[in-house]
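Respectively, the protein sequence lines represent chains A and B.
Per our numbering, the first sequence runs over residues 357 to 597.
Per our numbering, the second sequence runs over residues 357 to 597.
Hints listed in this document are in silico derivations from the structure and should not be mistaken for laboratory results.
For clarity, every value in this text was computed on a predicted model and none was experimentally measured.
Treat the hints with care, since some could be wrong.
Which copy is meant is left open, so a pair is good if it fits within one copy or across any two.
[Said to hold, decoys possible] Derived SDA-like pairs: lysine to any residue, alpha-carbon spacing no greater than 20 Å straight-line:
1) LYS544 to GLU415
2) LYS440 to VAL501
3) LYS535 to VAL417
4) LYS480 to HIS379
5) LYS480 to ARG444
Number of protein chains: 2
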Amino acid sequence: MELFYSKDIEGGICRLDQDESGHCVRVLRHRSGDEISVIDGCGTLYRCRITSDSHKGVEAVVLESTEDWGAHPYRLHLAVCPTKNNDRYEWFAEKACEIGFDVLSPVIGEHSERRVLKTVRVEKILVSAAKQSLKAAVPTVNEPVSVKEFIKSHSNEDGTLKLIAYCFEDENVPRRSIKEVLSGYEGKDIIVMIGPEGDFSAAEAEMALEAGFIPVHLGASRLRTETAALTAASAAYFRYM
Amino acid sequence: MELFYSKDIEGGICRLDQDESGHCVRVLRHRSGDEISVIDGCGTLYRCRITSDSHKGVEAVVLESTEDWGAHPYRLHLAVCPTKNNDRYEWFAEKACEIGFDVLSPVIGEHSERRVLKTVRVEKILVSAAKQSLKAAVPTVNEPVSVKEFIKSHSNEDGTLKLIAYCFEDENVPRRSIKEVLSGYEGKDIIVMIGPEGDFSAAEAEMALEAGFIPVHLGASRLRTETAALTAASAAYFRYM
Chain A
357 MELFYSKDIE GGICRLDQDE SGHCVRVLRH RSGDEISVID GCGTLYRCRI
407 TSDSHKGVEA VVLESTEDWG AHPYRLHLAV CPTKNNDRYE WFAEKACEIG
457 FDVLSPVIGE HSERRVLKTV RVEKILVSAA KQSLKAAVPT VNEPVSVKEF
507 IKSHSNEDGT LKLIAYCFED ENVPRRSIKE VLSGYEGKDI IVMIGPEGDF
557 SAAEAEMALE AGFIPVHLGA SRLRTETAAL TAASAAYFRY M
Chain B
357 MELFYSKDIE GGICRLDQDE SGHCVRVLRH RSGDEISVID GCGTLYRCRI
407 TSDSHKGVEA VVLESTEDWG AHPYRLHLAV CPTKNNDRYE WFAEKACEIG
457 FDVLSPVIGE HSERRVLKTV RVEKILVSAA KQSLKAAVPT VNEPVSVKEF
507 IKSHSNEDGT LKLIAYCFED ENVPRRSIKE VLSGYEGKDI IVMIGPEGDF
557 SAAEAEMALE AGFIPVHLGA SRLRTETAAL TAASAAYFRY M
């Protein structure tokens, strides 16, 4: 099933941007009268009929719309420190999108080696991953903030299950497995923070606990940052399976 | 923690091959008398003291050995069809190793586009992934066989939970989720078959069912081959967590 992506669907009219129009008309050779399927990135699938087949700007009329198309039964916000190697972060984003998550917050920790992230690239990857895995919702990517800023801005979220995956190797903070904590949670709103290669700083971890984040571990295996982030996404996926 | 890999540990003597020796002596500048940690790829960690620090062939005496170091509490055999793009297969192998699995069988399906796989490359990736994730066991990689040969050779394995992830879109074969099937299994030996981009053929699926493979789904999300394989590994990981 071929999906197109448009942010410009209004009053029963859907317009594709130049990239999508080129792909639609030049590559797939769609013409006026053809039916196409378009996602709005916000969860709705639109069945449309092309009325103008310009390769610069396809226009189509909406025939039918389906909300929450390909949606998952939870709301997962992943706050993940950028990895030293960008490819690994982009790989994680693609895979987590296939499995199902909603918001990505790149967070910069005190121990982060990489302190910048091009969100535009990640957004593009998420759009194609959403199309490829037949989801009408594309995860939101926030601008990078520091770990401490992120914790502050989420300190007062009652009802949301807030988790931090941190080793606490030197401290005696008891951690439960993410599986156990998720299975005891009746709601659907989850935040998981995943630290950088050098882990969170003790100060960041302490601040997170004070802000109501629950310390969890991801099992006995020692996982890279991007694998840990994807494993957290899988944990939520299986919790609601 | 720096780990070395050696297949040549005998009679209390550990020898590193040329690559590992060069890394040990030239890069990490280890010298005679230094202690190093070596995995044998079969599950045992050896603490050794270097007795000869040649960059062509390091020799060391074994001081202590620890069996099942970094082991996981299940035995997972993944039979996964090669992906069109080799990188995706190698990525899956690395990540699955971090999470924990034991045997990889590349299987060629009737719908497989890619019909060859260089196992040597995958083996190298698995060795470094095992070192990186602190596991003394490196998953075994079998030579590629056809899906039907694989099914035949595993048709008589009582006690092993044999699963096939197949869509059965056109047929009316009832599938349970892999989570549900795993949670109902008391043993520890699991085989999961993951098909190619074009899925298994109807004949392959039928043959698998006759051979005692249980049809499972991996949840509502539509996953690429490599993501499906990793998600199956995560399902086992969480089952025994």
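Checklist entry - Are there hints from earlier that the structure breaks, and if so, what are their numbers? => result 1, 3
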